[in-house]
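Protein chains in written order, with the UniProt record's numbering: chain X, 1 to 106; chain Y, 1 to 106.
Calculated from the structure, these hints are not laboratory results. Errors might be hidden in some of the hints.
When chains are identical, the list treats them as one kind, so a pair holds in a single copy or across two.
Restricting the straight-line Cα-Cα distance to at most 25 Å, the calculated cross-link-like pairs of lysine-lysine (DSS-like) are [what the hints assert, rightly or not]:
1) Lys-69 / Lys-16
2) Lys-64 / Lys-94
3) Lys-16 / Lys-94
4) Lys-94 / Lys-69
5) Lys-72 / Lys-94
6) Lys-64 / Lys-76
7) Lys-76 / Lys-38
8) Lys-38 / Lys-94
One-letter residues, chain by chain:
2 protein chains.
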Amino acid sequence: MGENILDAIDETIHAKVRLGIMSLLTVHGECEFVFLRKELQLTEGNLGNHIRVLEEAGYIDVTKTFVGKRPKTTCKPTALGMEMFQQYLEGLEKIIRMAQTGKPEM
Amino acid sequence: MGENILDAIDETIHAKVRLGIMSLLTVHGECEFVFLRKELQLTEGNLGNHIRVLEEAGYIDVTKTFVGKRPKTTCKPTALGMEMFQQYLEGLEKIIRMAQTGKPEM
Numbered sequence: 001m002g003e004n005i006l007d008a009i010d011e012t013i014h015a016k017v018r019l020g021i022m023s024l025l026t027v028h029g030e031c032e033f034v035f036l037r038k039e040l041q042l043t044e045g046n047l048g049n050h051i052r053v054l055e056e057a058g059y060i061d062v063t064k065t066f067v068g069k070r071p072k073t074t075c076k077p078t079a080l081g082m083e084m085f086q087q088y089l090e091g092l093e094k095i096i097r098m099a100q101t102g103k104p105e106m
Numbered sequence: 001m002g003e004n005i006l007d008a009i010d011e012t013i014h015a016k017v018r019l020g021i022m023s024l025l026t027v028h029g030e031c032e033f034v035f036l037r038k039e040l041q042l043t044e045g046n047l048g049n050h051i052r053v054l055e056e057a058g059y060i061d062v063t064k065t066f067v068g069k070r071p072k073t074t075c076k077p078t079a080l081g082m083e084m085f086q087q088y089l090e091g092l093e094k095i096i097r098m099a100q101t102g103k104p105e106m
């Protein structure tokens with residue numbers, strides 16, 4: 001099967017929660033922390049950890065502002081993040097096609 | 001978006017190595033330990049740990065025989081494993097479609 005089928009699986013994205021974050025950011029363009037937390041049914045701490053991993057990898061930008069006295073945290077995918085996520089999706093599709101057709105991808 | 005898009009992501013399968021194992025077993029029907037180790041470029045210990053997780057979940061059967069004096073370990077997906085893997089692939093496809101069309105799946 002030549003190269004390792006798992007090579008395209010970027011662990012920075014593959015972790016379940018981070019896959020959810022990148023998917024929602026791709027659909028919505030940008031999301032508030034509160035929205036992500038509710039959609040993915042996570043604790044603040046858990047979501048915060050995963051957002052930090054994506055931010056440190058340069059896959060998302062995180063901006064913190066205030067609406068009145070209320071802090072507002074917004075996440076937005078970077079160009080790098082979008083590109084890596086597309087590559088990741090293509091790698092995943094390749095594995096899915098392989099698994100469903102029962103034929104190894106040459 | 002109603003239910004959590006991550007609900008279908010079975011962590012027993014989603015871990016990168018275990019996704020690779022289930023994909024190869026689906027393509028080949030059954031695989032020897034040595035084959036999996038080479039294809040996925042893993043150490044024996046690492047592969048052994050992941051195989052144990054899948055076996056304990058009832059997703060694969062592991063049989064140990066001898067060819068002459070050489071031990072031979074063969075892995076085969078169970079009916080449950082195949083079913084759970086199909087559900088997992090469908091959930092993954094849903095996320096990929098959502099991310100690529102930019103439209104949340106109702």
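Checklist entry - Looking at the structure, which of the earlier hints fail to hold? => result Hints 1, 2, 4 and 5 contradicted; others consistent.
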